[in-house]
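Undergrad: With chain D fixed as given, assemble chain X onto it according to the hints.
Chains D and X, in that order, are what the protein sequence lines are. Residue numbering for the first sequence follows my numbering, starting at 1 and increasing by one per position. Residue numbering for the second sequence follows my numbering, starting at 1 and increasing by one per position.
Source of the hints: derived by calculation from the structure; they are not laboratory data. A quick note: this is a predicted structure, and the numbers were derived from the prediction, not measured. Think of the CB as a built atom: it goes at the ideal place given N, C-alpha and C, for glycine as much as any other residue. There could be a bad hint or two in this list.
Said to hold, decoys possible - Sample of chain X residues at the chain D side, in silico, Cβ under 10 Å:
(1) TYR13
(2) VAL14
(3) SER26
(4) LEU27
(5) ARG29
(6) ALA32
(7) ILE33
(8) ILE35
(9) LYS60
(10) HIS63
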Amino acid sequence: MKLTGAEILCESLTKLGVQHIFGYPGGAILPVYDALGKSKLHHILVRHEQGATHMADGYARATGGVGVAMATSGPGATNMVTGIATAMLDSSPVVCITGQVSSKLLGSDAFQEIDITGITMPITKHNVVVSRAEDIARTVREAFIIANSGRPGPVLVDITKDAQQASCEFDWDAAAPKLPQKRVRDNHDQAEFDRAVEMLNTAKRPVILAGRGIILSGAMRAFEQFVRTCNIPVAMTLLGIGCFPASDPMNLGMMGMHGEAWVNHAIQESDLLIAVGMRFDDRVTGDLRTYAKSARKIHIEIDRAEINKNVQVDAALIGDARETLEKLIPHIANPERGPWLAHIKELKGDSAVRDIQSLPDNGHLYAAHVINDLWKETCGEAIVVTDVGQHQMWEAQYYHHNQPRTLITSGGLGTMGFALPAAIGAKFAKPDSEVWVVVGDGGFQMTMCELATIVQEKINIKIAIINNGFLGMVRQWQEFFYDKRYVATPLVAPDFAALANAFGIRGERITSRADVLPTIRSARESSQTVLIDFRVEQEDSVYPMVPAGASLHEMIRRPGTPLVETASEP
Amino acid sequence: MSKEDNMQTLVAYVENKPGVLNRVSSLARRLAINIDSLTVGPTENPEIARMTIVAHTDEKGGHRLEASLEKLVDVLLAENISERALLERDLALIKVLADQQSRPHLMELIKVFRARVVDVAPESLIIEISGTVDKIDGLLEVLRPFGVLEMARSGRISMTRGGDLLRPPEPKPAPPQTLVTR
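Next up, chain D with everything else stripped away, as it sits in the complex:
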């Protein structure tokens, strides 16, 4: 059967199980859009190509499958860059398809020509230019394999316009992937493995550091069994949240810069760290010179390049998290950890009195309260997509996730503007799930144009804007480290509720705590998207905080006294 390159692309995507494509048309990708119109693929028209990549990313994070984004050449492709980098830093399987000028024009600075494979080389797992219709099916199949194997990541396929237009024989079987035959390393080192077992069985104060690798490998069950068998408490990275139920007594919570104090203290006092599918990012270690000094370290990691990158480890078990954990479990004795667990409990008690939830209600609306109420009301079962900043940390602290893939957030790159589009992608991936966007007033203004996408696609998500009139996290740094010189952090925002109305979306504005629950409830009852503008305390800070570059145990704690009164109960 003879098909055009564009038709082959659509046919291939369909055969690969793709249902949704997030994209934006333009000259160099028009043949594909023409073919899309005749296919069964559902194209979601975004309002900015950055949104398309975040949607594909959100889609991938919600399901574990590959998300697909599409754009034209030139500015369409360059607008994808932030989204691609976001997916790269968080190991998210995204395939981006871009149109490119005709192959005979390549290198001539033609209209909307840009070297997008050159630009995205350091931020993709792989990228490739296709200039022959014959190569499209095979290349796309390869792209899907690369994106979602090993440590996942984004792949960009740049297809010239003439390749889209040319016709050739379409033979799916003949277009089998032909990836380069790489050496397969035998990563199993028996001595290393035995050493890890010995460390696990002799440690007195061990802590497990759980990362996103557990979710990516689908190792949740093996991980839980591992935790039970070795009876070791679990600290989580931001992206690891959900890999182990928050309600489990062995789950300590999030570690790092805004981790709870008991978690960071437990890590600093530990004599063994077992890192699973995490990469010792500077946001979780603090000053490396003082990081867990008396602890030996075991690193379970699929990516060899992560071993000894930031932290020198005593045993590296390279491989898939699930396989490695399953191999370890039979060798582990179930030791008594009473004193260690009791000690952590003590640390926890000290923190509880400082917790904002324990402070008397002074009539103010705090972001932490909003998120806590949202958690209670949704029974912790919603998919929450957060942006970047204070609200992101409060979400991580106060929304307790029991299921993997229910917290979707930009960790590595810290991309503001991620939440709204990523939530749209997540909703398409999980149409039956309740999806909440938790976003700041700064980040929301970066990609709020995607409200129109929501309306056009008639999808139902709920948007909670944590509006404090500041770029809150930057303001917090200015408060702590720059003598409260609030340069460029106070920001004006539109009336978000009225803005929502302008898009045809119901909008609410909440200023007091008493209204939080009823409004969340009524939003949940609606079958349509609802935006709630929560006007929260302007100068609240996220506690505890490990200043950048400080030791993990040197935390700025929330003042133990009630926060300053500036207004009475309304």
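TA: Relative to the frame of chain D, chain X by itself:
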């Protein structure tokens, strides 16, 4: 052997196609590792090229470069061979001023260094020398007073000695490549 401090020697087998060199050098740049020398040439299999990369970095950086290189789809194998017994060669062509007076003296030096004269002109000679970097640097040092007009160096190629083989992965029937969905 490249036992120099902060110098790591890696060998990589890569797909012999456009853009691969760019990926390799771009990776080194991203890791903030300065490449001292990078040579590429085809292997006995025209579809595979072999690279010798000498990088200014410590052992940790060498490991990171090796592991990161192997993550590139087009890199079939990358190996840090700095700690192995290896043979290392660099080739240089050196054009040096040579008049009637200095010529006999030059010829003497060339002999000592086991270099060769490959071009003779009235006012100059081109000397070809191959060997370790130290040997070539040594010759260059003694030639300098005569007046070095031009020099071209190939960059290092390295090979592990004896039975320590570093070969590209044998082509085997393609394993079933299926879509991984979790």
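Undergrad: All hints are to be evaluated individually against the structure, with a verdict given for each.
TA: Status of each hint after checking the structure:
1. TYR13: It holds, given that the least Cβ distance between TYR13(X) and chain D is near 8 Å, below 10 Å.
2. VAL14: holds, 9 Å
3. SER26: holds, 5 Å
4. LEU27: holds, 8 Å
5. ARG29: Result: holds, 8 Å to nearest chain D Cβ.
6. ALA32: For ALA32(X), the interface hint is violated, since the closest Cβ of chain D sits about 12 Å away, which is over 10 Å.
7. ILE33: violated, 13 Å
8. ILE35: Since the shortest Cβ distance to chain D is 16 Å, the answer is violated.
9. LYS60: At 6 Å from the nearest chain D Cβ, LYS60(X) passes the 10 Å test, so the hint holds.
10. HIS63: holds, 7 Å
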